[in-house]
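Peer 1: Generate the whole structure from the sequences, applying the supplied hints.
Following our numbering, the numbering of the sequence shown begins with 59 at its first residue and continues without gaps.
Hints may be right or wrong, so weigh each one.
Said to hold, decoys possible - Subject to a maximum C-alpha distance of 27 Å in a straight line, what follows is the list of computed BS3-like cross-link-like pairs (lysine-lysine):
1. Lys198 with Lys169
2. Lys256 with Lys276
3. Lys169 with Lys212
4. Lys212 with Lys161
5. Lys189 with Lys161
6. Lys189 with Lys256
7. Lys198 with Lys212
8. Lys256 with Lys198
9. Lys161 with Lys198
Hints listed in this document are in silico derivations from the structure and should not be mistaken for laboratory results.
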Amino acid sequence: MKPLRYPSKPDEEAWAAFMPSQAMDAILGCITQPAHAALAGRLAATLNGQLFDEVPDGIIETIGGHDAGWSEFDLSALEDAESTQPISFIATPSAIAVRAWRKSIAEAETKSALSGYVVRSHFCLLAPQDKDDQHLLFRKEEEAQLHHVNADLKGHTQDLGRFIAILGFCDLLSLYLCSGWPGDFELPLAHPAHPSAKDARRIPVSINDRVVHVNNTKVPHGTSVYVDGWKRTQSGSLQNQRYEWTFQ
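Peer 2: Right, here's the structure in full:
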C-alpha cells in the first residue's frame, strides 16, 4: 500500500527522499503493489527506446507484473480498510514481505527463466541488509538461485544488468508517482539499490500535479500513463479511483 499526495524533499537521495512519504498517518488513497507494478510496466513501455535502449516486450511484461506476489496481502488489507488503517509496504513485517517476494518470483518464473532471473535479482537488491533472519535467509537462498539460473541464460548475459536496471528505475519512478510526489528530483539511470547507482548518470524528473517530465527523452507530449487505486471518501470508505499523468 502507498499513501497518496505528500510533500517532497528534492535535496535527498532518491530512496531516502521517498521513504518519509510512507511514514505519514493520514492516507488519502491506496494503490496496491500489483497496481503500482502495472504502472511501472506502462512507464517502461513509454520510455522504451527513449530514455534507455529498447528492451523486448517480454521484459516490459515482466516489469508490469513484478509485484504479483503481493495480491493476496494487499486485497486483504483493502477489505479491512474502513476499520483498519492500511500500512505501507515498507512497514510490512519481514515474514509477509519475503513471502510476497517469493510468490512474485515464482509467478515470474512461469513466464520464463529470464523473467524469473530479473525479478529475483530485483528483490535480492531490495532486501534490507540487516540482521533480520527472514531477510538473511531470503538473500542467501535467492542469491544462490541466481548463480544457478545464470548458467542457463548465457544468451542474455550482456543484457541482464540492463534489464534489472530498467526494472529498478521504472519501479522507483512509479513509487514517486503513486505517492503524489511533487517537485523536481533526480533518479539514477540504474537500479537504485545497486552499488552502481552511486556513479550512474542521474536523470532529472519533474512532477507537477498530474504532469510529469523526464529529461533526455523523446516521449511525445500528451502521452499518458495511469494507475488504478482507491480513494478515501469523507465517510471513510474507499471508492475506485484512476490516477493519470501526462508527459510533457
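Peer 1: All hints, please: hold or fail.
Peer 2: So, going through the hints one by one against the coordinates:
1. Lys198 with Lys169: holds, 24 Å
2. Lys256 with Lys276: Satisfied, since the Cα-Cα distance of roughly 25 Å is no more than 27 Å.
3. Lys169 with Lys212: holds, 18 Å
4. Lys212 with Lys161: holds, 25 Å
5. Lys189 with Lys161: holds, 22 Å
6. Lys189 with Lys256: Between Lys189 and Lys256 the Cα gap is close to 24 Å, so the pair holds against 27 Å.
7. Lys198 with Lys212: Roughly 23 Å between the alpha carbons, so the hint for Lys198 and Lys212 holds.
8. Lys256 with Lys198: Holds. Lys256 to Lys198 sits at ~24 Å (cutoff 27 Å).
9. Lys161 with Lys198: At roughly 17 Å apart (the allowed maximum being 27 Å), Lys198 and Lys161 satisfy the hint.
Hint check: no violations occur; every hint is consistent with the structure.
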